[in-house]
Amino acid sequence: MRRLAAAILFLLALAAPAAAKDELVIGITQFPATFHPMIDAMLAKSYILSAALRPFTYYDKDWKLRCMLCTELPTIENGKAKLETLADGKKGLAVTYTIQPGATWGDGTPVTTDDVLFAWDVGKNPKTGVPEADPYLHVTKIDVIDKKTFTLHVDKVHFEYNAYFVFDPLPAHLDRKNFEADPANYRRRTAYDTDTTNPGLYYGPYRIAQVVPGSHVVLEPNPTWYGTKPYFKRVTIRVIENTAALEANLLSGNIDYIAGELGLSLDQGLTFEQRHADRFAVQYKAGLVYEHIDLNLDNPILKDKRVRQALLYGLDRETISKQLFAGKQPVAQSFVSPLDWIATSNLPKYPYDPGRAASLLDAAGWSEMKNGVRVDAAGEPLRLELMTTAGNRTRETVELVLQSQWKKIGVDIRIRNEPARVFSGQTLRQRGFSAMAMYAWISSPENVPRSILSSNSIPSAANNQTGQNFTGFKNAEADSLLDKIEVQLDRQKRFALWQRLQEIYMDELPVLPLYFRADPFIIPKWLTGIEPTGHSGSTTLAIENWRAQ
Amino acid sequence: MPGFLTRRAVQSLIVLALMSFVVYGLIGLMPGDPIDLMINANPKLTSADAERLRAIYGLDRPLIERYAAWATDALQGDFGYSRSYNRPVLEILGPRLANTAGLMVSAFVLALALGIPLGIAAAAKAGGGADIVINLFSFVTISMPTFWFALILILVFAVTLGWLPAGGSPPAEAGFFETLRYLVLPVVTLGVVECGAYARFMRAAMIEALRQDWIRTARAKGASPVRVLVRHALRNAMIPIATIAALEFGTLFSGALITETMFARPGMGKLIFDAIMSNDYNLALIGLLFATLLTLIGNLIADLAYTVLDPRISYTDLERDR
Numbered sequence: 000m001r002r003l004a005a006a007i008l009f010l011l012a013l014a015a016p017a018a019a020k021d022e023l024v025i026g027i028t029q030f031p032a033t034f035h036p037m038i039d040a041m042l043a044k045s046y047i048l049s050a051a052l053r054p055f056t057y058y059d060k061d062w063k064l065r066c067m068l069c070t071e072l073p074t075i076e077n078g079k080a081k082l083e084t085l086a087d088g089k090k091g092l093a094v095t096y097t098i099q100p101g102a103t104w105g106d107g108t109p110v111t112t113d114d115v116l117f118a119w120d121v122g123k124n125p126k127t128g129v130p131e132a133d134p135y136l137h138v139t140k141i142d143v144i145d146k147k148t149f150t151l152h153v154d155k156v157h158f159e160y161n162a163y164f165v166f167d168p169l170p171a172h173l174d175r176k177n178f179e180a181d182p183a184n185y186r187r188r189t190a191y192d193t194d195t196t197n198p199g200l201y202y203g204p205y206r207i208a209q210v211v212p213g214s215h216v217v218l219e220p221n222p223t224w225y226g227t228k229p230y231f232k233r234v235t236i237r238v239i240e241n242t243a244a245l246e247a248n249l250l251s252g253n254i255d256y257i258a259g260e261l262g263l264s265l266d267q268g269l270t271f272e273q274r275h276a277d278r279f280a281v282q283y284k285a286g287l288v289y290e291h292i293d294l295n296l297d298n299p300i301l302k303d304k305r306v307r308q309a310l311l312y313g314l315d316r317e318t319i320s321k322q323l324f325a326g327k328q329p330v331a332q333s334f335v336s337p338l339d340w341i342a343t344s345n346l347p348k349y350p351y352d353p354g355r356a357a358s359l360l361d362a363a364g365w366s367e368m369k370n371g372v373r374v375d376a377a378g379e380p381l382r383l384e385l386m387t388t389a390g391n392r393t394r395e396t397v398e399l400v401l402q403s404q405w406k407k408i409g410v411d412i413r414i415r416n417e418p419a420r421v422f423s424g425q426t427l428r429q430r431g432f433s434a435m436a437m438y439a440w441i442s443s444p445e446n447v448p449r450s451i452l453s454s455n456s457i458p459s460a461a462n463n464q465t466g467q468n469f470t471g472f473k474n475a476e477a478d479s480l481l482d483k484i485e486v487q488l489d490r491q492k493r494f495a496l497w498q499r500l501q502e503i504y505m506d507e508l509p510v511l512p513l514y515f516r517a518d519p520f521i522i523p524k525w526l527t528g529i530e531p532t533g534h535s536g537s538t539t540l541a542i543e544n545w546r547a548q
Numbered sequence: 000m001p002g003f004l005t006r007r008a009v010q011s012l013i014v015l016a017l018m019s020f021v022v023y024g025l026i027g028l029m030p031g032d033p034i035d036l037m038i039n040a041n042p043k044l045t046s047a048d049a050e051r052l053r054a055i056y057g058l059d060r061p062l063i064e065r066y067a068a069w070a071t072d073a074l075q076g077d078f079g080y081s082r083s084y085n086r087p088v089l090e091i092l093g094p095r096l097a098n099t100a101g102l103m104v105s106a107f108v109l110a111l112a113l114g115i116p117l118g119i120a121a122a123a124k125a126g127g128g129a130d131i132v133i134n135l136f137s138f139v140t141i142s143m144p145t146f147w148f149a150l151i152l153i154l155v156f157a158v159t160l161g162w163l164p165a166g167g168s169p170p171a172e173a174g175f176f177e178t179l180r181y182l183v184l185p186v187v188t189l190g191v192v193e194c195g196a197y198a199r200f201m202r203a204a205m206i207e208a209l210r211q212d213w214i215r216t217a218r219a220k221g222a223s224p225v226r227v228l229v230r231h232a233l234r235n236a237m238i239p240i241a242t243i244a245a246l247e248f249g250t251l252f253s254g255a256l257i258t259e260t261m262f263a264r265p266g267m268g269k270l271i272f273d274a275i276m277s278n279d280y281n282l283a284l285i286g287l288l289f290a291t292l293l294t295l296i297g298n299l300i301a302d303l304a305y306t307v308l309d310p311r312i313s314y315t316d317l318e319r320d321r
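Heads up: the protein sequence lines correspond to chains Z and D, in order.
For the first sequence, numbering that gives the first Met the number 0 gives the first residue as 0, with consecutive numbering after it.
For the second sequence, numbering that gives the first Met the number 0 gives the first residue as 0, with consecutive numbering after it.
Because the hints were derived from the structure by calculation, they are not lab data.
Among the clues, some could well be false.
Per the computed footprint, the stretches of chain Z lying under chain D, defined by three or more beta-carbons under 8 Å from a beta-carbon of chain D, are [what the hints assert, rightly or not]:
id : region
1  : 32–41
2  : 97–106
3  : 195–203
4  : 208–216
5  : 239–245
All values reported here derive from a predicted model rather than from experimental measurement.
Each residue gets a CB set at the ideal place from its N, CA and C atoms; glycine is no exception.
Generate the whole structure from the sequences, applying the supplied hints.
In structure tokens form, the structure reads like this:
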């Protein structure tokens, strides 16, 4: 197998040069289910539409919230966001946005407040199939000030008031009739899916000019774009799901660049870099995909905090990061990415300390050793089951390392993996793992982890098994902090709340943090301007800045 | 003959109805649903969102009720929407089927064009040098993993030599020859991988035919070796090959998952696989039923082909005997 790999590497090294420089072909591994900006949430759709549409606000590469479609970010300080008292005496917010004056749909129709009102109608209608209805439902009224300016009135105070509630415009002049004719069937009748190449659906630097389902999407410059003129005259986004084939296509010149958002895995990227550093610059960006191990707190062994802490002391996560991931995936010190402004170093630390782990296990009653495994007073072994997604090579490798490291402190780990579909669709959702489950969470900058830490989010019949607090973590202070963080507008005060929440998390350890995943961006040396962000914002949000040199 | 055809049509309808129920049930028994997949991708989704979405997609109803609704619509010609593509199922299937047909029929023809002559050549001198080489070639092609062979072809002809595209679909403005270039590597992959089996079947059938008394008689009458092979043995040996080829015909249109994935060709194999994995009931069902229908048609064609290849077989006689 190694010889075959070596032969393949040799052949790959003889690759053909890249394609013409005014055209760019990007390889990704997923095709979007729909092109409607609000229906369904898929990374591939977000990647493509970020080149053709622009959100009101976005997080830049430094994770700072900025305006994109709006002219100025509304804040309490600049007076464009104001607290207001609602009829029931509660506090709400009024937030005013102005749309970029030059923003125009590709058919020449200006982007106006009418398009914002239409997007609101679609979002709040329960029949349309918009996944996350919360932001639309909290908007109680929209005051139209003029064609480009509007004020949102929301019935809730939220620290992310200038980004959470605002929704991006939809082309009322093209799509309103499809919606009003039959809201329940709008997701099937929308022009984004029935007439995808209509220029009037896009106002970004590019528009979708051709779609071959399952194969590729072609983007061409949008003549009505008001910002920096994009360099490439044609951008093809080609979908190749098999990553080995994706790599071969890159080397044959069939594609120019593999997007990190939907491309090779980290180990593939590292191997690729070793072989082709002369032609490609591989950029790694660790972000918001948080690999961790959920502990089932109903397990009698794991109920004891000392055992949970011993398990983390018994792991040499730094070595795992260095040896398996060339240090590209930083060790997680809590659920917060080190790139997020709320990250803090002032937290309980768990360096590799097998001595400390042993003391904690001794204190927890697991002091006797029998055949290399700790036992309690009743002679029961310290045996735990570790589960993850079968077939995920990286996770399965990590699992073996964890098993061997824990064996050194006398913990017997039994591995039982399941296909991803069964693991996430059934085992996690029904809390069917007996002890430990290794997987990843995806979040966004300063994301309030209500769905994974709130006691109300423990899957149960009451919430129709939809909560994601699979560990069963219940902590009254954490619940209260989650509520307080959401409504605290003062950054400094909010930081203190975040810090306390992370302290509780790292002290109680309902979860064993492992590392933040990094995506490799395989960029040809002639292509410049791609700036991986590490958060959910696609790099294509700055596609007009990409250049060939 | 009309009675035979009618009987086969009724049998086919029963098989299709049973298949639809079994496939729908099996997909329904898989853990998780599309909304679970959405929740995994978006931690901000609330339980209210999940309930609303399940109701919209009809996933809150019992499986049997959903199947009944689907079957009623299907009988009226409405095969529903694909949840994964947000388009009518038939609109998705059409281009995929055309892609698959182009790929698979070409590969099928190539496999037969290579396999049958190789099988005949091996049988003509069974045990000789040519037979050994052909057998070796056949075993290599049968044993060779499709993804590996595809990757090697890509590396040689696309990466190293740069003669052919590594995969994907031709651009919309591509002409006939440019479109053909995109077909070459996947067709060669499938054709070569399949031809070994045909060569083995053909060889065995020919050896069996060449042992028959009437072959000895033909030789005794002074027929040339080529005439004995082609006119006397081949026609009889084609009956088992027709059966195998007919069975293969149905699978042609259900696509080739690995080849389509390796060459990034949007075809039926990948479509059906993805539809099953994403719980896209309508798409998976229609895709699988279509493949079943074509297998049934393939079998019917094989039955009819027997009457051409062997005049002793007659369905009219069968009906009369009844």
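Consistency of the hints with the structure:
no.	hint	verdict
1	32–41	holds (count 7)
2	97–106	violated (count 0)
3	195–203	violated (count 0)
4	208–216	holds (count 6)
5	239–245	holds (count 5)
Of the numbered hints stated above, those contradicted by the structure are hints 2, 3, listed in ascending order.
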